[in-house]
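Listed below are the residues making up each chain.
2 protein chains.
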Amino acid sequence: MNQTIDQAADAASEQIKGKGERTRDRILEIAENSVLNKGFGATSIEELICEAGITKSGFFYHFKDKNELARALLLRHIEQDEKILDQVFLRGQELVDDPLQQFLIGLKILAELVEDLPQGHPGCLIAVYCYQERLFDNEVRLLNRQAVLGWRTRFRAILDRIVDVYPPNEPVDLDELADMVSTVVEGGIVMSKALGRPHMLANQIMLLRSFVKLLFTRQPV
Amino acid sequence: MNQTIDQAADAASEQIKGKGERTRDRILEIAENSVLNKGFGATSIEELICEAGITKSGFFYHFKDKNELARALLLRHIEQDEKILDQVFLRGQELVDDPLQQFLIGLKILAELVEDLPQGHPGCLIAVYCYQERLFDNEVRLLNRQAVLGWRTRFRAILDRIVDVYPPNEPVDLDELADMVSTVVEGGIVMSKALGRPHMLANQIMLLRSFVKLLFTRQPV
DNA sequence: ACTTTACCCTACCGGCGGTACAGTTTTCCG
DNA sequence: CGGAAAACTGTACCGCCGGTAGGGTAAAGT
Chain A
121 MNQTIDQAAD
131 AASEQIKGKG
141 ERTRDRILEI
151 AENSVLNKGF
161 GATSIEELIC
171 EAGITKSGFF
181 YHFKDKNELA
191 RALLLRHIEQ
201 DEKILDQVFL
211 RGQELVDDPL
221 QQFLIGLKIL
231 AELVEDLPQG
241 HPGCLIAVYC
251 YQERLFDNEV
261 RLLNRQAVLG
271 WRTRFRAILD
281 RIVDVYPPNE
291 PVDLDELADM
301 VSTVVEGGIV
311 MSKALGRPHM
321 LANQIMLLRS
331 FVKLLFTRQP
341 V
Chain B
121 MNQTIDQAAD
131 AASEQIKGKG
141 ERTRDRILEI
151 AENSVLNKGF
161 GATSIEELIC
171 EAGITKSGFF
181 YHFKDKNELA
191 RALLLRHIEQ
201 DEKILDQVFL
211 RGQELVDDPL
221 QQFLIGLKIL
231 AELVEDLPQG
241 HPGCLIAVYC
251 YQERLFDNEV
261 RLLNRQAVLG
271 WRTRFRAILD
281 RIVDVYPPNE
291 PVDLDELADM
301 VSTVVEGGIV
311 MSKALGRPHM
321 LANQIMLLRS
331 FVKLLFTRQP
341 V
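Sequence order for the protein chains is A and B.
Just so you know, we're using the working numbering here: the first sequence kicks off at 121 and counts up by one.
Just so you know, we're using the working numbering here: the second sequence kicks off at 121 and counts up by one.
Treat the hints as calculated values from the structure; they're not laboratory data.
Since no wrong hints were added, every one of them can be taken at face value.
Covered stretches of chain A, as calculated for chain B (at least 3 residues, CB under 8 Å):
hint: 1; region: 265-277
hint: 2; region: 288-294
hint: 3; region: 311-319
Listed below are the simulated EDC-like cross-link pairs for lysine to aspartate or glutamate, each with C-alpha atoms no more than 16 Å apart in a straight line:
hint: 4; chain 1: B; residue 1: LYS158; chain 2: A; residue 2: ASP257
hint: 5; chain 1: B; residue 1: LYS333; chain 2: A; residue 2: GLU290
hint: 6; chain 1: A; residue 1: LYS158; chain 2: B; residue 2: ASP257
hint: 7; chain 1: A; residue 1: LYS176; chain 2: A; residue 2: GLU188
hint: 8; chain 1: B; residue 1: LYS228; chain 2: B; residue 2: ASP206
hint: 9; chain 1: B; residue 1: LYS184; chain 2: B; residue 2: GLU166
hint: 10; chain 1: B; residue 1: LYS184; chain 2: B; residue 2: ASP257
hint: 11; chain 1: A; residue 1: LYS186; chain 2: A; residue 2: ASP257
hint: 12; chain 1: A; residue 1: LYS333; chain 2: B; residue 2: GLU290
hint: 13; chain 1: B; residue 1: LYS228; chain 2: B; residue 2: GLU214
For glycine and all other residues, C-beta sits at the position ideal for the given N, C-alpha and C.
Required output: the full structure, derived from the provided sequences and hints.
Here you go:
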């Protein structure tokens with residue numbers, strides 16, 4: 121749920137991208153940083169173009185208004201997010217065969233990944249747009265919904281393979297349990313930010329991992 | 121983590137409050153609604169004074185700037201929140217003696233409480249201010265921190281009494297577990313809003329309840 | 001060569017947060 | 001009842017920011 125990985129691929133694709141697209145990407149990069157730090161409303165176009173070294177006209181050449189910037193940011197964010205989650209949970213599948221262990225490994229890796237972020241998780245644009253600072257259009261809201269449903273599908277698939285082997289010790293709805301991963305990550309980010317304790321997010325993910333373990337493994341009496 | 125309760129008390133105290141304070145309260149009421157729906161940045165002073173039936177000068181008589189409005193909103197929100205949490209978890213203590221059961225009942229009541237909100241939980245100002253749309257001053261950030269730490273203390277106290285009786289089935293840090301209540305609520309609100317499914321929050325709280333149950337009760341083999 | 005892309009420059013508009021300050025009504029309290 | 005303090009109103013103004021309009025231009029593709 122973050123960037124920073126595959127910068128090698130980015131650098132390579134940088135070559136084949138046109139100049140326009142590279143400028144656009146630069147704007148998005150700067151904007152995402154600013155939006156996650158200060159919010160969308162507090163991120164002025166002036167500031168973006170200043171840092172990007174372009175003019176106002178240049179900005180509006182790439183984005184017809186601030187709403188389009190928001191949409192582009194969200195698309196980019198969701199895309200990068202998917203990539204990272206793919207990598208994290210694929211790694212679990214490479215290491216072991218048992219679906220429960222795969223999931224537990226994935227959660228551990230995810231926790232380590234967010235732990236290693238020097239100044240904490242930068243935040244999730246989906247949450248930013250939920251506590252919308254402006255009234256976003258339907259497309260943005262739909263994108264948001266789609267992204268969250270994508271997470272559900274991803275984790276639900278994993279859980280389905282787990283329950284085939286391990287009957288849960290408590291009756292739980294698997295969609296809701298799948299959603300709990302997203303819930304804990306989103307909530308953990310809020311808590312980390314509120315307390316100024318970046319590692320909290322990792323802790324909360326590890327707690328969720330404990331829950332999954334308890335739920336699917338037989339306890340010794 | 122919401123208002124709507126004790127309107128009787130409000131109506132009673134309405135009498136003894138001066139006119140100024142009543143106007144101030146009205147502004148805050150309108151503002152909270154608007155901020156939770158549209159965000160702080162999208163909530164214009166113009167709009168507030170229009171709905172409150174006062175003038176711009178009137179507004180700035182009560183609040184020296186928008187930041188002070190933010191601070192007052194947060195204070196009010198935290199206060200109401202504390203009241204509700206007090207009621208919810210006190211009810212559990214009235215019904216049974218066992219600390220684990222008390223907590224489980226409290227979580228259930230909390231889930232029902234947020235379930236009953238017709239248009240979903242209005243949102244949490246703490247989260248809004250985390251994904252800050254403007255750069256709030258230190259006082260606001262400190263207030264936010266204090267509120268979250270208050271939640272931790274509250275739930276930690278409950279958990280302490282539980283572990284005295286029930287040894288946990290997994291090694292967990294009790295502060296982190298206490299924080300998980302807040303995490304799930306904050307995350308659940310984000311998820312509810314993103315999906316447009318108000319009941320999700322209640323589901324996630326009930327899932328957390330399952331976790332607590334699994335963690336502290338001996339499982340049958 | 002020539003079209004398209006990717007900008008720059010200047011000027012302007014309206015909305016909003018915020019200030020200043022003088023004037024007016026309402027409320028409270030002795 | 002009277003006077004002071006509280007609770008506003010009215011008007012005028014400032015600067016920032018999002019956004020528009022439109023003309024000009026260097027460089028990249030073809």
